[in-house]
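We have chain A; now place chains B, C and D onto it with these hints.
Number of protein chains: 4
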Amino acid sequence: MKIPAIHPDTHQKISWDIFILILTIAITIIIPLIMVYQLPLNGLLLIFDFCISMIFIADILIESHTAYFEQRELIRHKESIFKNYLKKAFPIDLLAAFPFFMILSLFPSPLMLQIAFLSNILRLAKLLRIGRTIGRIRNSKRLNPSFIRMSLLIFWILIAAHLISCAWMSIWENPGALNPLNAESMYLRSFYWTVTTLTTIGYGDISPSTNLETIFVIIIELIGAGMYGFIIGNIANIIANIDIAKSQYQEKMEKVTTFLRYKNIPHDLKNKIGDYYDYLWDSRRGYDESSILQDLPKPLKTSVSLFLNRGIIQKVPIFQGANEEFIKEIILNLQPVIFTPGDSVVIKGEIGYEMYFISRGSVDVVSEDESVVYATLGSGSFFGEIALLLSAPRNATIKAKDYCDCYSLDKDTFDQILVRFPEFAVKIREMAEKRRAETEEKQKKNK
Amino acid sequence: MKIPAIHPDTHQKISWDIFILILTIAITIIIPLIMVYQLPLNGLLLIFDFCISMIFIADILIESHTAYFEQRELIRHKESIFKNYLKKAFPIDLLAAFPFFMILSLFPSPLMLQIAFLSNILRLAKLLRIGRTIGRIRNSKRLNPSFIRMSLLIFWILIAAHLISCAWMSIWENPGALNPLNAESMYLRSFYWTVTTLTTIGYGDISPSTNLETIFVIIIELIGAGMYGFIIGNIANIIANIDIAKSQYQEKMEKVTTFLRYKNIPHDLKNKIGDYYDYLWDSRRGYDESSILQDLPKPLKTSVSLFLNRGIIQKVPIFQGANEEFIKEIILNLQPVIFTPGDSVVIKGEIGYEMYFISRGSVDVVSEDESVVYATLGSGSFFGEIALLLSAPRNATIKAKDYCDCYSLDKDTFDQILVRFPEFAVKIREMAEKRRAETEEKQKKNK
Amino acid sequence: MKIPAIHPDTHQKISWDIFILILTIAITIIIPLIMVYQLPLNGLLLIFDFCISMIFIADILIESHTAYFEQRELIRHKESIFKNYLKKAFPIDLLAAFPFFMILSLFPSPLMLQIAFLSNILRLAKLLRIGRTIGRIRNSKRLNPSFIRMSLLIFWILIAAHLISCAWMSIWENPGALNPLNAESMYLRSFYWTVTTLTTIGYGDISPSTNLETIFVIIIELIGAGMYGFIIGNIANIIANIDIAKSQYQEKMEKVTTFLRYKNIPHDLKNKIGDYYDYLWDSRRGYDESSILQDLPKPLKTSVSLFLNRGIIQKVPIFQGANEEFIKEIILNLQPVIFTPGDSVVIKGEIGYEMYFISRGSVDVVSEDESVVYATLGSGSFFGEIALLLSAPRNATIKAKDYCDCYSLDKDTFDQILVRFPEFAVKIREMAEKRRAETEEKQKKNK
Amino acid sequence: MKIPAIHPDTHQKISWDIFILILTIAITIIIPLIMVYQLPLNGLLLIFDFCISMIFIADILIESHTAYFEQRELIRHKESIFKNYLKKAFPIDLLAAFPFFMILSLFPSPLMLQIAFLSNILRLAKLLRIGRTIGRIRNSKRLNPSFIRMSLLIFWILIAAHLISCAWMSIWENPGALNPLNAESMYLRSFYWTVTTLTTIGYGDISPSTNLETIFVIIIELIGAGMYGFIIGNIANIIANIDIAKSQYQEKMEKVTTFLRYKNIPHDLKNKIGDYYDYLWDSRRGYDESSILQDLPKPLKTSVSLFLNRGIIQKVPIFQGANEEFIKEIILNLQPVIFTPGDSVVIKGEIGYEMYFISRGSVDVVSEDESVVYATLGSGSFFGEIALLLSAPRNATIKAKDYCDCYSLDKDTFDQILVRFPEFAVKIREMAEKRRAETEEKQKKNK
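Protein sequence lines, in the order shown, are assigned to chains A, B, C and D. Quick note: the first sequence uses my numbering, first residue 5, plus one each step. Quick note: the second sequence uses my numbering, first residue 5, plus one each step. Quick note: the third sequence uses my numbering, first residue 5, plus one each step. Quick note: the fourth sequence uses my numbering, first residue 5, plus one each step.
Hints in this document: simulated from the structure, not taken from any laboratory. Just so it is clear, the structure is predicted and the values come from calculations on it, not from any experiment. Watch out, some of these pointers could steer you wrong.
What the hints assert, rightly or not - Incomplete in silico selection of chain D near chain C, CB under 8 Å: (1) Thr-203; (2) Ile-235; (3) Ala-240; (4) Tyr-266; (5) Tyr-280; (6) Pro-345; (7) Ser-348.
By construction, the Cβ of each residue, glycine as well, lies at the ideal position given by its N, Cα and C atoms.
Pulled out of the complex, with its shape left as it was, chain A reads as follows:
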């Protein structure tokens, strides 16, 4: 019978991983306490020890049949899995699972049992495998990486503090000659001392007296100082990373502000520019649409652009009858532009070279003196399409009503695309000819 390799991302496997994770944490807490309090080696403890061995052996069997990822490719080949497991995780897992007790109890003597029991501390090696499990869970990506990093930091510090406390308890002589402490108090006082030292607070109500204690304290102090430095460094790094986008943006704004001040730009123009940058940050963290799309490979870029603009493009009369490919080319060549409230997008009488598509916001079509609003165009509208056909003067002034995200398409780009679609180009030229004729007629009439 051939059992297939276990997929590492199935629900069952992850549940097992979490079970092992919790068990590992539990024994990390319990085993040192048992050893420090020197509990008698009665049956309960031996059974407890035996169970853990069994579960860890089961874990070895499961792990050695679990497929693994290499550069995002799942390796399911049995032999590769074995080799990979043997090389990486097996020694640690074996150490943690090794039933010292069973082997040593074949030679029963108080000393042997003692050794068997002490060897339990080796089970803590399993802690080294925690990273793997957490890595797998993290990959599900629903969690903030800074949050995970801080949580892990706290977790490891607490584990370290617990282990240090137990070690301190075992060497701490006469922990209060006047009022002997009971068991819990002693652990509590030890833990209290550890935390006080690791956080560099150092009350000094508990301090070493024997040489052994002194050496131990020196080591813990050095570790503690390093650890505390590491925590502060991590926090500083997390804070810096949270702020990285914001602080770069602020730096940019500061430069602009300095420039405006240096050039004595009038106050209202300064405010308008300030508001524009605020809008950019509030609405999109200051990103630049073009550069983001530029980064994507072409098919993804096309998908995004098509999603954003296909609807609006198909409404444009002059694009009626163009084939799919042509529309795609047009969409890929749209340029995002932003207008701030009150900006003149198009001025009557000026010769235009671009047409515009409104993606967000609205614009007013106004009279030349801006006193009458003829119409308001909202998102999904477009204007200026005649500019693509012929270089005629704009026939209306258009002003942005609020912040507008538009896309523009200029005549040069349009003409370049047309070159590749000779059939459609003919159609466009006819349309342009017709439009020119109409315009000339109109002008004659006006005369």
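Relative to the frame of chain A, chains B, C and D by itself:
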């Protein structure tokens, strides 16, 4: 009767917000103290409690009628306001405003009153809303963000220290067996202990003795270490951000310095380049005008450029009679250039392709051997405009007198713009023809 | 006899350097202890002192004959070596090697011997030369720079702590009036106090009482605080540098995410883009191949490109018979492109302008409705080569099966290269002509 | 009589500034000590006080006649100087110089004298002006900014510690009931306590007992924690800035390394690329010559380029007879290129389009099979100049001997420049014609 939604930025609303803010801080200070000192539940306290409930209920009513911003758009629609308030702030506000006392006092018993009173601690939930108020005030943007950030940090630390002190007081047994402390001293000693611990100083003159105290101290130490790390991280981040522009600039200068040293550039040239970079930093934080303008949307860019250069452009004789649109195009295509003192902007006899506009600083028109200064042109002057018409040799040498911010316009750009203005192009060509004829005549005469 | 300069990178020289390094550390530990414990000046000590002098004098001789690097150039000229050594390292080496004892013992008196002995402390000057040795070892570059930096930091702190401990021992009056300490305990307590102070823990069980002690403690506290700040700053810096690539990438991804959210991109497209960025990071730390190659000087760029693509290029039928130089030009102009699983690389009926080479991954040649897979092309395959000859519609749809690293070559680039190879261009044109004829015939048949 | 404004950078003025600086520091140290030790108000002290007043009044007079800089421009106009001084520095200077004693001693009474004396503390306001003096000294730019920043930090901390110590002394009750301290010890113990607290060590051997002391300690602890955080933040920032160029470079190298590994580039090519990047860093901190020159304004760029290349250009035979302007254009258009040892710069038989100038390093002219070295060209040599005239195949293979900094000039750029110099172009064309004829003749002979 239908009352309209309250605008969140009116003077009255902000005043109310600040009032609630101060009240919240006040009760945060007072309530824990009352509880720790176990003041008798007399009428005064009950009235105090009742008043706060009433004010917080009023706040709920006001808040639930206040319009709010969503992506810089003010939402005034009643139903949306309600939904938004219910979802976000209502639970907290309710908890803070809930008149536990009134409800529980319907069943009068010492225990019930006690519970009613203890429930007062829930009012501190209101603290969570402080951020909102400060956010609103901050938006008025008159304040330095680093300063606000530090102030908030200090504020929250003091609040935390106060709450920790009160908690410590309530569990601190026998705080000085020899000399019993009076009420103020006790709070003071508590606060002293809290600060000593949070700052990781840990004198050790006050240290835990009972198990409860030990557990409390462990928790506070861990919080304190994290908090202290957070403060240091924040300070480091603020310092780094203050310096970000400067340090990037220094890095750039260091690169230049290394280059100059590597290439054995002579000392005076090295100094000149160093001075140039100093000038760039002192006058404009090293910004690059072109790249700043590039970032702005076209209408804003046009406004800024027009403001900076319209005056000077209109003075140029060859632009007389050009229409508004042409001038705009010219202005948008000016290139900022900087000259350092002593630089030759134009050398007599060389063929020129640019004209220059002086924005700041002044230049000398000098003889070929630079011994005679014919004239000095200040800001608002221009020169070299013939280069736009024909490729004739420069007829004078011009040297920068001090640091000059100029704008240049080269013939290629000028010709490109002309293409779009065929009528004006004809005029320019005539002018060029005339000028050429004149020059040739002059040359003949010289011969 | 003329001995040649010693090469600094030979095995023997490095071994000697390491020996001197270890000896320096040893005397740094031993000499202060001898002085603090005021060991009697017996013969053993004098011999010890004499040996060290001899070894250090030998070191001076060796160093003054060792060639050195200046801007990656080995200077072997004897005189230059001498001058360089005299100017830089000689004074320190002399101080460390000076046999004070021998000179002073010519005037034997207890005082003189005492002075000779105290002067031993000057040997510690040799510590200053440690950096040199470590620098040389580091240059072998097999070690992680952050790791070296941390190790050195710890090393210098331990050295400093040892020296401070010895100094404290020598001024520490009555270090425990009740239970007089033995020699080791005294050093241990001193070291314990030093570490407790430097890590800012400050238990306070050992604190200064005399004025001298107080002054000493003040100095150590100031040094300690600076040192601790330096450690934290270093750790923070190391953490920040480890993460620099990752955090920049995350920032970029965050921008993209914000953009996608702002534009309401549908969920599956969002996931696809997210996966693409994950793939980019996992497979290549988000690097951009073009920009990396752009940085290299042309010959190196050519070598890398040739290595990557020569095999595949030579397989293309239309490149048969092209000369080496032509192939090189083609390879240098390939553009890397990435396709995500499911992307349509080429769509049947669209007019193509690029050919593709598959470097990693595989693509499916599918029917127009994508229901039938005609073939699968793996890495080392190419397709679309006809596009380089004539602008015919694609004759098959090709979809990426998984993440594909491809290279593309477009017709414009190809034509530009052909210009330089007129002979081969003729051949290509013939091939194109032939192909066109074939296609037309086929089309006739189909009709 | 009209005295001219004092120049702020003269030797005398700076000396006076330093004198005032030292005096300010001296009184900052002395005045608090006098007050804390409550020295009797005898004549000596009154004279001391009077002298300082006089000197500070003199300083006011001098400062109010010293020209100042505004945006790198020296303002010498008397009225502007006065206004600027009155607005900025005068209030502080007045406070520091005000002879309280003289005014108050007009109404002699013990109380008045006491007040007059206490008012001395106001002199410390002068400390605020220290920044100005240091700023001026710093501007002389000979000092490392990080070093100045650290020194100032230490200076301010010591001043703060001194002031805190004095304040603590004045409120510290019963500083050692058992062994009363003498005057110096008391200050020493105070200073010791201050440093212990500010560095967050907190031995706890001195701790507050009265309420006043407790409040004082709380304040100092909060200040100390902030200050310590500020120091650490500064150190972290300084370390980060030292490393900024290096860490960016390392990040870049890491990207390249990842790329090379991903693409399985062979080991020796990988090493070659690694060495190239090392060379780039060692020789020029990884800078890119083109981008550095691009940053400079054109006249500076020209000066640097001329300095670097004029000598070599004038040696090229085909440039003989070109005018100054032409040479300048050529030099401005040279492209820096780097060759690594063993690179083939030019391969015999390939058609060349560039000529090369060697700036540093040397190249070998070798036979086609690279077995024979015909010649070695060092810095200041050039080769391949025929490529500028006609597209003939290279007539030798040239290989880089070591790292070579070269400049290249390609035919396209050369032709573009020629367009602007029609007379010289004619000459060049003749030369090309002649050369072609010669080549053809040679080829005939070879046949």
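Structure-based check of each hint:
Against a cut-off of 8 Å between C-beta atoms, the interface hint on Thr-203 (chain D) holds, since the closest Cβ of chain C lies about 4 Å away. Here the hint on Ile-235 (chain D) is kept, as its CB sits about 5 Å from the closest CB of chain C, short of 8 Å. The restraint placing Ala-240 (chain D) at the interface with chain C holds, with a minimum CB-CB distance near 4 Å, inside the 8 Å limit. About 5 Å separates the beta-carbon of Tyr-266 (chain D) from the nearest beta-carbon of chain C, less than 8 Å, and the hint is met.
At about 6 Å, the closest approach between the beta carbon of Tyr-280 (chain D) and any beta carbon in chain C falls short of 8 Å, and the interface hint on this residue holds. With its C-beta approaching chain C no nearer than about 11 Å, Pro-345 (chain D) sits outside the 8 Å limit, and its interface hint is violated. Hint on Ser-348 (chain D) holds. Least Cβ distance to chain C is approximately 6 Å, under the 8 Å limit.
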